[in-house]
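K.L.:
The listed protein sequences correspond, in order, to chains A and B.
FYI, the numbering for the first sequence is 35 to 433, going by our numbering.
FYI, the numbering for the second sequence is 1131 to 1578, going by our numbering.
Quick caveat, the hints were computed from the structure, so don't treat them as lab data.
C-beta: ideal position from N, C-alpha, C; glycine also.
You may find that some hints are simply not true.
[Stated by the list, open to error] According to the in silico footprint, chain A covers these stretches of chain B (three or more CB under 8 Å from chain A):
#1 1279-1286
#2 1490-1498
#3 1524-1535
#4 1556-1570
[Claimed, not checked] Cross-link-like lysine-lysine pairs, in silico, DSS-like; alpha carbons within 27 Å at most:
#5 A:210 - A:143
#6 B:1514 - A:158
#7 A:210 - B:1195
#8 A:143 - B:1171
#9 A:158 - B:1297
#10 B:1220 - B:1195
#11 A:180 - B:1295
#12 B:1195 - A:143
#13 A:90 - B:1195
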Amino acid sequence: MAKNKKKGASSGFIVAAILVAVMYILNTILVWNIYNNNNKTGTMTSTATRAINSIKGELSSLNTNTVGLAANLYDNPLEIVGDTERIYGNIIGYEKMFESLDMNDTVMKRYNYAKSIIDTFHEKLNSLGTDQLQEGDAATMNETLKQELYPLQVTADQMLTATITIVASETARLSKRNAIRAYVLMGLMALIAVLSELAIWLFARRAKKARAELEERELRLAEVDAKLKNTRQKATDLAVTNVLTGMKNRYALDNDISERLETGRFQVAVFDMDNFRSINDTYGYDFGDEYLAAVAEKLKEEFGDVAEIYNITGNEFCFVFNKNISESQAAGIAQNIQRVMSSPYEVLNLNVQLPCSGALYHYLPGDCLNVNSLLVKLDTAMRNAKMNGGNMINNVVNM
Amino acid sequence: MNRNKKKGVFRTVTACTLSAIMLLCGGCGGPPAGVRQGGGKIAVITKQPIAFWDDVKLGAEDAGKELGYDIIYSVAEGDNDYATQIESIKNAMKDKVDAIVIAPNGRTELNDVLQQAVDKGIKIIAINSDVTSPDANNPLTISLVNSSDFDGGVCAARNIIKSWKAKGKEVSDIGTIGIVGSTAATSDMRMLGFFDTMKRTLGRSSGVEFAELSMMGVIMGTASGAPVQAFMYETDDSAGGGAAAYGGEGGEGGDAAAYGAEGGDAAANAAGGADANAAQEEETELTAAELEVLAKEKEKADADARIKMDIVNRFVQSEPCSKRKEAKEKAKALIDQNPDISILFGTNTNMTLGICDAINELGLAGKVFAVGFNTDDEIISNIKNGVLQGTVVQNPYVMGYVGVKFATSAINNDNITSHLNTGVTFVNADNMNNDFVKLILNPDADIS
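Isolated chain B, as found in the complex (with noise of 0.2 Å):
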């Protein structure tokens, strides 16, 4: 009896040694080194309580999510109001974020809390639109993540361009394009991104071929419209007469306007002219035939300078305005003035469910040709019914969640590029049912 224990106990004690070994063998591979874990904290914050920064949200959430890190949410309560967004990144570094994704409201009246939680070692990511640095060697924000305002105007024309010519028709053939442009700051980027691609589509059609639009301030995607203003607006006096005025009797502004500053062509053109006549009173050792050149170069010049102005002319503008109601009205006046017209684009949800309403109304539905930007479920039903033939979208999921993963590259010090565009997409009745068009609609969409 006593033996046997003895063996039991040996076999036992054999039984859980050899266990053991087993487990160290089998156990200590442990976890592959170097994954990073995330763990931190990151603040997003965002410019106004709509619908489009709740898409930034869900994107900056499910980044958070997925990449290991807590999202301190917060919004501010409107486009212009930067005290809650100071606010908004005082309380983040309270809370000890790692890194501040910032849609800003102001281009520099953050800066000086920008600059507090930057020496605090934070990192700042910018999405939709950049601050102004005060030391452009040094910035204040690492990278900025948006999609152009001006290239979705781009978009806009390019693809009711398309959607024209797809209906049949030639360019030559557009007649009047209105524009129905809100209050809001996005608006003249969009309008000038869509202005100048359009004129430009239609002079070539016309034979005659615009300057490159001067992107100084355009390609930083400004979301204050101050020079664009004076892109559309401004009056050259040495233009004189000669400057196109563009802007119809609907059209505020429109009179006498120039349609082109830096070297806007008809205005350039036009004092080519005038250079020509100095020289020809000036220089009279020309040849008759050096000068036979320079008339029929005048003659073209004039020629091109009246085509591009008739061009211009066909440009329609309403006055700014932001309710659906008046961009309705907005957009049935323009209809009433110009009976020709063939395009209408508004430049956000308000001003295109307002044309759509007009058309609807007037019952012009694919008579008249309707372009758009941004999206909800009547503008989907609309370019549906045929009433809208595109409209343009962002995508702010996107920008939200690779703001909010450059905030995490930032912060575990690996190289981001300083900025990137997430682009705008045309939705239009062909591509709705794409699944990537479904998921800029609703990022939630089941695509699987």
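Looking at chain A on its own, in the form it has when it is part of the complex (with noise of 0.2 Å):
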């Protein structure tokens, strides 16, 4: 599980970092867009702007030739009229200039409307030239050039100057679009990174949380193991406690010295009372068991320092000494223990005294294979004191 999140995390950095990327590229694109159509409305005005102002000069010079023809200003009005096409050709040529951009209809509608006057007043200057000029007719080319070229030349001049002013506002609307442009896209970049940083902080608020929740979780994993293993400590206990008397059973004998057994060299005994048996039908179970209860809590007090007393069965008591008691230091203890035993006890308000039989080992390495042999050889000892009237303790003997 715990591998999972981890994978999980790394492929939202991938993503991250592939949005990051995203927005680098897709930011300079734009920001690239938006500097080349600035770059692109600049040439594109200049250009327009040069070419219309050459139109209206060329225009102009033409008009100005016609005005000194009709004044009889030069010696060869023929070569004049004949520059006439020259300076048309500049005109075609400037119009050819503003008609490759790419200008919007009503720019256009405009232009086209300057570029038809400019024509026919072109043809007019031509019929002037071909008819009136060689006739000689000096006053009504006078009259024509007053009434019908000039007008045509003013007209055009304003319609080219219009056509300048629609493309200067054309290209004023086209910055204004471009810098909304750029504003739209700064407030965009801005957007994102406040959004990246609203995620952030929010993606760090929930791995707190996350982590608050594990750590409580832990927590609490830990109450449920300790108690678990309190659990598992009390059955352990119950397994190897003898439940009446509180001291060790038969399985914790056979825990405790097994591995003793093949090297070990101790001293070990087991009592029980003679003629149990007699006080449970007589007092009943419970009086029984309070009188063997009283028993053990003695031996306990008064042997509990040199040796491991076990409980092994019902009213039989196994002490393995402590391995600084000597076989003589046993022996002695053994019939204190004896003595203890047999002594009388207070059970609910009754005075019970039974007396006690026991076998004492004087164990040596490998004498049993297992703890159940050990504790065949002491009952059979101990039985056989028994059998012999009681009271009384047997050496186990090695054979």
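Reassemble the complex: the two chains are provided individually, in unrelated frames, and hints are given to aid placement.
P.N.:
Below, the structure written as structure tokens:
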């Protein structure tokens, strides 16, 4: 589970990294686009303005020429008329320059109007050149100039000026649009930044919360674990303890000395009441239990220091003497045990006293294969004592 | 994990900062400085609800749209309705317009209210005709955008002669020239321009030179016909019987009318002759040779005067009318009474159509040349059918457009010329498909 979580987190980071990269690329493209648009608009405007102003200039010089012609200023009028074609050629060039630009309909409408006037101007100029000039009809030419040609030039000039104005306002509009786009982009980026900060904050908060939860769960788990341990301990204790007397039982003995059988050298003894059954029969099991508990209590009190005491069956106690207890000392203690066990006890306001028998075994390494055979030896020796009248201690004789 | 997170935060913060820097670098070009943005209001006030002013309106609105100004358009009921125009100017002031483009219906009637507008800083541009400002050094209007009716008449004459010559005929072959004039105020100037040019062209072909017509009051393209009437019909006592009557029997007021006023050639020459007689009596010391020269000169002058009289006599004019049907009858009468009639001139749409109707009815298409003024679908089809040799058109669209354009320039305190002539164009079968002519006939025509 923990591993899974880690994997999810790292894929989240990959997604975040990709997002950042995409953001970068997108931002770069958009900024580049805006920059490019601004550039393009600038170039377009200056080209348009140059083209239109050139057309205006050429038109004006055409007009000057014709006015000069009308006023008879030139020695060779036909040459001037020829020059008209050169100037008109220039105009066509500038017209092409302007038309190559990608202008909108409004600009083109005004420009086309101007162009149509220029074309008419040119036609009229041509007809003037061929008709009146050759006929030398200066008066008519003058009138035509004043009434038809000159108005065409000035109106064309007005339309061209208007075209420039429209181009300029179109430029302003485009620049404004670009500026708006830049602001929108900036706003968008700022929004993304704020959102990512927010996301990070949320993510961090969630992680913190998750960790807190985890810690709490671990704590609870530890508690449960402790409880479980306790219960298990209790269960174990119960398994190796005699419930009635609180002493270790036969299994405990098994556990405790099994490993010592091979190499250990120790003193071990068993005791039980003689004819304890008569108590149970006479006073009931409850009484018998109380009596045993009292005896056990007394034995723990008297001999807990010198031996480990096990309550291996009903009224049978096994004493595994401490290592420092010698054979002779063990014999003495066994005497004391017999004395203590067979002394009178007050149980449920009754004084009861039973004799007891025991067996003492000076165990040498390798004597027994297992605890069971050890106990069989001790029990056999004790049974012999009982069969011989009881109230005595028998030694297990090594064979 | 914690370290990774820190790294992520760092990355994000870096990314955002870099983006912001890039944006600041790229986006800060800003709009180029110095580009003027419109956004003001311009009132356009015109004369009367006829097609001509609709085109003016179209031009004004296009200019407003293209140059970024709102156009408030209003039109008077007729070309003498200055009450409505005064109201419109007052409304414009209420609307806080930046400029007024006006085709004034009166020469002086609007002056007071225009003065109020000028005092409020509103720029005034006149189109079609101007007002007479009380103080010529401080005119009410900044500029006048118009095309001259006189020039229109001249253009009609010049071009009908061209058509005539194009048919392989001589100018000297031209017989009677009929003029069907309308009652409209524009009519007289158009007739005067036509008459003057026609007369001088005919004179030149006969070897006589008419004096230049004084342009006093003519150059302004006045809408008032009063002085022109005088030009054409004034009776000059000093000229006496020497002055030729040019109006035929059908011509109204043609009896004994001097055709030229200020030094009109025939009258002047006649007077000159009288002077010569007086000199002969008084200056007895003059030699015979000198006398002979004088006599020759007199003879020549008399001959020239006769030629001029003859030329002037070729013009016949019908009584002014306004309806197409009336114009047709007048034209028919002119044709009936003058079997040698060569050219008919109509001074506006109805007169032109009336002439065409008459020619069509009498089956004289191509025999009698006709030249008109203005345009509509029927006039165009008459040109196509060869009934009408051509028509003179002004360019109301350009008038409206340039009027508003000048207004925007005036608002921005840019220099503008005090007078712009939008010109006249002769439309005939040859140039009808010319882009510019198409635009004049229909400002919305698609020529791209």
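K.L.:
I'd like to know which numbered hints this structure contradicts. Please list them from smallest to largest.
P.N.:
As far as the earlier hints go, only 2 is violated by this structure.
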